[in-house]
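Residue numbers (the working numbering), protein chains in the order written: chain V, 36 to 336; chain Y, -13 to 410; chain L, 2 to 331.
Hints in this document: simulated from the structure, not taken from any laboratory.
Be aware that a few hints might be false.
[Claimed, not checked] Keeping only pairs whose Cα atoms sit at most 25 Å apart, straight-line, the calculated DSS-like set for lysine-lysine is:
1. Y/K51 to V/K120
2. Y/K392 to L/K163
3. V/K120 to Y/K265
4. Y/K302 to Y/K40
5. Y/K121 to Y/K364
6. Y/K179 to L/K163
7. Y/K302 to Y/K49
8. Y/K51 to Y/K40
9. Y/K49 to Y/K73
10. Y/K302 to Y/K73
11. Y/K35 to V/K120
12. Y/K158 to Y/K179
13. Y/K392 to Y/K217
14. Y/K364 to Y/K158
15. Y/K362 to Y/K109
[What the hints assert, rightly or not] Cβ-Cβ distance ranges computed for the label pairs, FRET-style:
16. V/F128 to L/P115: 37 to 43 Å
17. V/L139 to Y/K35: 29 to 35 Å
18. Y/G31 to L/Y69: 38 to 44 Å
19. Y/T59 to V/T166: 44 to 50 Å
20. V/L112 to Y/N33: 27 to 33 Å
As the structure is a prediction and not an experimental result, all values here were calculated from the model.
Cβ coordinates follow ideal geometry from the N, Cα and C atoms, glycine included.
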Amino acid sequence: MSDTIDEAIPQALREIGPATKTKKRSGGRVGRVGWPVYVMLGIATLISVFPLYYMFVIASAGASAVTSVPPRLYPGLNFFDIAAKVFDTVPFFQSLMNSVIVSLAVAVIASLLCALAGFAFAKLQFPGRNTLFLIVILTMTVPSQLSVIPQYLIISALGWVDTLQALIVPGLASAFGIFWMRQHMTTTLNDELMQAARIDGANSWQIFWRIGLPVVRPAVFVLGLITFTSVWNDFMWPFIVLKSPELFTVQVALKQLQANRTIDLALSMGGSFLATLPLLIVFFFVGRRMVAGIMDGAFKG
Amino acid sequence: MSRRRLAIPAAAAALALALAGCSSGGSGGGSDDPNAEVEFWSFTGINQKDSVDKYLKGNPDAKVKLTEVGSTTETATALTAALAGGKVPDLVMIQNDDLPKFVENAANFVDLRTLGGDDIGDKYLDWAVDAATSKDGAIIGIPTDVGGLGFSYRADLFEAAGLPTDPAEVSKMWSSWDDFIAMGKKYTAATGKPFVDNVETSIFFSTVNQVTEKYYSPDGELVYDTNPQVKDAFEVAVETYEAGISAGIAAWSSGWDPGKANGSFAVTIAPSWLLAGIKNAAPDTSGKWRYASIPGVGGNWGGSVIAIPARAKNPKAAWQYISTMLSPEGQTTHFTDTGTFPAAKSALESSEVRSYTDPFYGDSKIGEVVSDSVLKFKAFYNGPDTSAIGSALLNTLVDMEVGNVKPADAWQKALDNAKAAIGG
Amino acid sequence: MSATIATATTADIHNGPAPQKKRGRPPRDGRRPIRQHWGERIAPYAYVAPFFVIFIVFGLFPLLFTFYVALFDWNPIGEQTFVGLANFERLFQDDRFWNALVNTFGIFLISTVPQLLLALGLAHLLNHAALKMANFFRMALLIPYITSVAATAIVFAQIFDKNFGLINWVLGALGLPAVNFLASQVGSWIVISSMVMWRWFGYNTLLYLAGLQALPREMYEAASVDGASGWQQFIHLTIPSLRPIIIFTVIMSTIGGLQIFTEPLLVSPESGLTCGGGRQCQTLALFLYEQGFGQFKFGYGSAIGVALFVIVVVVAALNFFLSTRTRKAR
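Isolated chain V (complex conformation):
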């Protein structure tokens, strides 16, 4: 039965080659890097960054920037005015807080739950293990929009409509997270370590908490980052569930600003920029880890 699991995508990804065992990457092709490469990468960078920059331009220059011909491409001086207006129009600071609370809660709790479950799937033998894991894999194919209506009815029955826990609790069951942690646990927590621990009489909890978790801590951290980002950017579910503006997350608050789009484009652009700013700041500090983590994920996946 374990062959079936290994037949699935994870195994496919592990077939990259013997290099995986040594965990040493070749680092890429040798030879000089010609300037065309830099040009193309530069263009890619420009494309990546331009929309964010353009948001800032319109926000700081006012809506007139949009209707000017040729279109304006340099920022103006009014950014702080617009930012102030954004904060006045919708409870933006409150929504930032809400987003932080929800994203952090899900990121932390889900990462730990997934680490725990991933550990069990990776390192412990128990009847039904493979069936349960298959179910987990299958749920990754199910888009979240599907069960939106019954999910809403369940949330209503629980009395959780228009609450933050409605955003947090359902998000804790991340199939992707389990998949990710299982892979990392399998490759990083090797059998010899576990053997030694067993001999010392450790039970599985101690192995997890004292050995497994510390070893895969980087992977847990990256999972947390990825989860944080995806919950921060989640729009549909908060949009459906939240009705009180003081509970809005940043994305939903942004939609409120969008209603005024034709009236004041600068306002909604300013809001858009501010909605991404916190994540940008976080990214500035942990971006490298995120990059490394995503690349490792492909690797070990």
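Given the structure of chain V, go ahead and fit chains Y and L onto it with the hints provided.
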């Protein structure tokens, strides 16, 4: 076993219990305290804040928490979601397009006759009250405002095209829709620019709201596809498009507000609640606009009611707000403060309302035009799918204006779309 | 080490000591082996339980309930009447459903195929040992991934705007007529797809880069010695070796691509939930939302949900089988 191992699941369970406890708040029956805190959901852009502030000034012991939920549709969605299983507000604004669905399920709301007596209906426009009355005669909402119709037009552009500029003359010149189209052709021939902003909202939503029977018969049967009045109303819009006098700029699209400012079109429909929008979009054109009654007789687009959900915690306090602020006097005052046209009959006939003018619109007799428009308006029955059918027809016109549908096929396509929309 | 290592089996490592084996050394925490063993048996279930409890309540049950609600005419504030398969009958005859299906696939194809190719190419470029500012480029590529989805929709709608958009300004500068992207079906697909492509191409580039960097240098050196050109190496060495990662990204993109909701919703405020007067860019997910939460036809909306589920499963399975078969055919 390690105690730590039990700690986390225990903490999680405790947290879950705590959260569940926090949220399942009181669901007890309504309280009778007229000064209990009233939770009031309104849409954005309708400036209920002024109203609420005034109420609180006049009633210092009262408490009102106003939440601007979003657009009219979003507020209706939120209300439905709340009625289906969440916490409901004490007061909620419902726009007339969304009203039929709620009236059909009137059990979700308080019959306001139980709070305010039997004569409340008499104070307001008949058709507005009818729209909020269920089959059993329960009145679930008090009308707050109306959307009397008039055309806003740029007098300076008219003059440049050799058209009259005085509102009375203009109204006479376009007394029928055919005359309107002819006038538009004259304008476009003279200036080379479009006359009207679009056909779906400016033309269709005007013509289709002037009928005596719309998508439903008075008994509630669906007649949208057989009713010649609906087809005629639709065809007027198609003809306007075919005459080449429409700018094809949809309402609330990106080109709409700039269009008001830079003269991309000379005429746009302006129900009373859009008057302020033109001022905001084109402040530099102050004084160049005029306001005249539309072709045909009467009309109304929009308007809202305020209702009290059945599960509201503080219905008495909510009713106190309604009876104070939505009374004819209250609505007249609100009008003088914010320009929102009242739905109360005596308010509409009051001198404050009828004499209303605005220098932005060249002192046109806005008050008269709007109040005449709604007073002459003959109601038609709105069923639960009125809004869906209307949207389907409107969207077909939008599609036609961008070139995806040929005018000759438009009506049939509209019927098909409407049929699909209601599950016919 | 000691002899105990040699006798310990894999099962021991994963399950803890079996009851009959006696350990020479007493357990460190001084507990009896028997109670420890019972604890060890339920431990795995306890570890996966939190996930499964939440999953069953908020994941599995709603999914099953969707199937149930789809059999009803379900008015959330009124009555619910059982209608059997009527919703599905109506769905298959509903032009709007087929329109949404076409839109979904159109957007999915345009946003996935060019994007993954681009990502592959970029990964190839980034895969230089001597590349300066490598980390800078990698981080820059992730910026779209962290940008707020709602914000992206607003900006892109502005960029593609028919009156004031940058794209149309560029077209005008080149002497070409302005294009009203959102008016036509394919045009609106282009707008939505560009949003999706922009968001994910950096992420996928990094995945491919990781795969590329794992490839042994010797493979390329040998090929060079044999006289293979860079392009030939790319086609015959790089791509086959990356096949597993490519499969992974294709499947993840498929699943994501079939669910697109936010971008069509926010791209044109005046279109409401239909994304265009003719529903030019209304995807299945948006159609579901429009029917369920816009029109309050929960039953019909759930039927759309069921259809979407079937489509996703079928397409994902198709992708998987195709890729497995081609692998074996090699």
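Hints, verified against the model:
1. A C-alpha spacing of about 22 Å is found between Y/K51 and V/K120, which places the hinted pair at or below 25 Å, so the restraint holds.
2. A distance of roughly 21 Å separates the Cα atoms of Y/K392 and L/K163; the hinted pair therefore holds under the 25 Å criterion.
3. Between V/K120 and Y/K265, the direct Cα distance comes to roughly 20 Å. Compliance with the 25 Å bound is thereby established for this hinted pair.
4. Simply put, Y/K302 and Y/K40 have alpha-carbon atoms about 19 Å apart, close enough for the 25 Å limit, and the pair holds.
5. Between Y/K121 and Y/K364 the CA atoms are separated by roughly 19 Å; this keeps the pair inside 25 Å, and the hint holds.
6. Restraint check for Y/K179 and L/K163: satisfied, since their Cα atoms lie roughly 18 Å apart, inside the 25 Å limit.
7. Restraint check: the Cα-Cα separation between Y/K302 and Y/K49 comes to about 12 Å, which is no more than 25 Å; the hinted pair holds.
8. Of the pairs offered as hints, the one joining Y/K51 and Y/K40 holds, with about 13 Å between alpha carbons and a cut-off of 25 Å not exceeded.
9. Only pairs whose Cα atoms come within 25 Å are accepted, and Y/K49 paired with Y/K73 is accepted, the gap being roughly 18 Å.
10. With a C-alpha separation of about 18 Å, the suggested pair Y/K302 and Y/K73 falls inside the 25 Å cut-off, and the hint holds.
11. Restraint check: the Cα-Cα separation between Y/K35 and V/K120 comes to about 18 Å, which is no more than 25 Å; the hinted pair holds.
12. In summary, the hint linking Y/K158 to Y/K179 is supported, as the alpha carbons are separated by about 23 Å, within the 25 Å threshold.
13. Between Y/K392 and Y/K217 the CA atoms are separated by roughly 16 Å; this keeps the pair inside 25 Å, and the hint holds.
14. Between Y/K364 and Y/K158 the alpha-carbon distance is near 21 Å, which keeps this suggested pair within the 25 Å criterion.
15. Proximity of Y/K362 to Y/K109 is assessed by CA-CA distance (about 16 Å); at most 25 Å being required, the pair is judged to hold.
16. The beta-carbon spacing between V/F128 and L/P115, approximately 40 Å, falls within the hinted interval of 37 to 43 Å.
17. Our hint of 29 to 35 Å for V/L139 and Y/K35 holds, since their Cβ atoms are close to 34 Å apart.
18. Roughly 39 Å separates the CB atoms of Y/G31 and L/Y69, a value that falls within the hinted 38 to 44 Å.
19. For the pair Y/T59 and V/T166, the supplied restraint of 44 to 50 Å holds, since their beta-carbon distance comes to about 45 Å.
20. Hint check: V/L112 to Y/N33, Cβ distance near 31 Å, so the stated range 27 to 33 Å holds.
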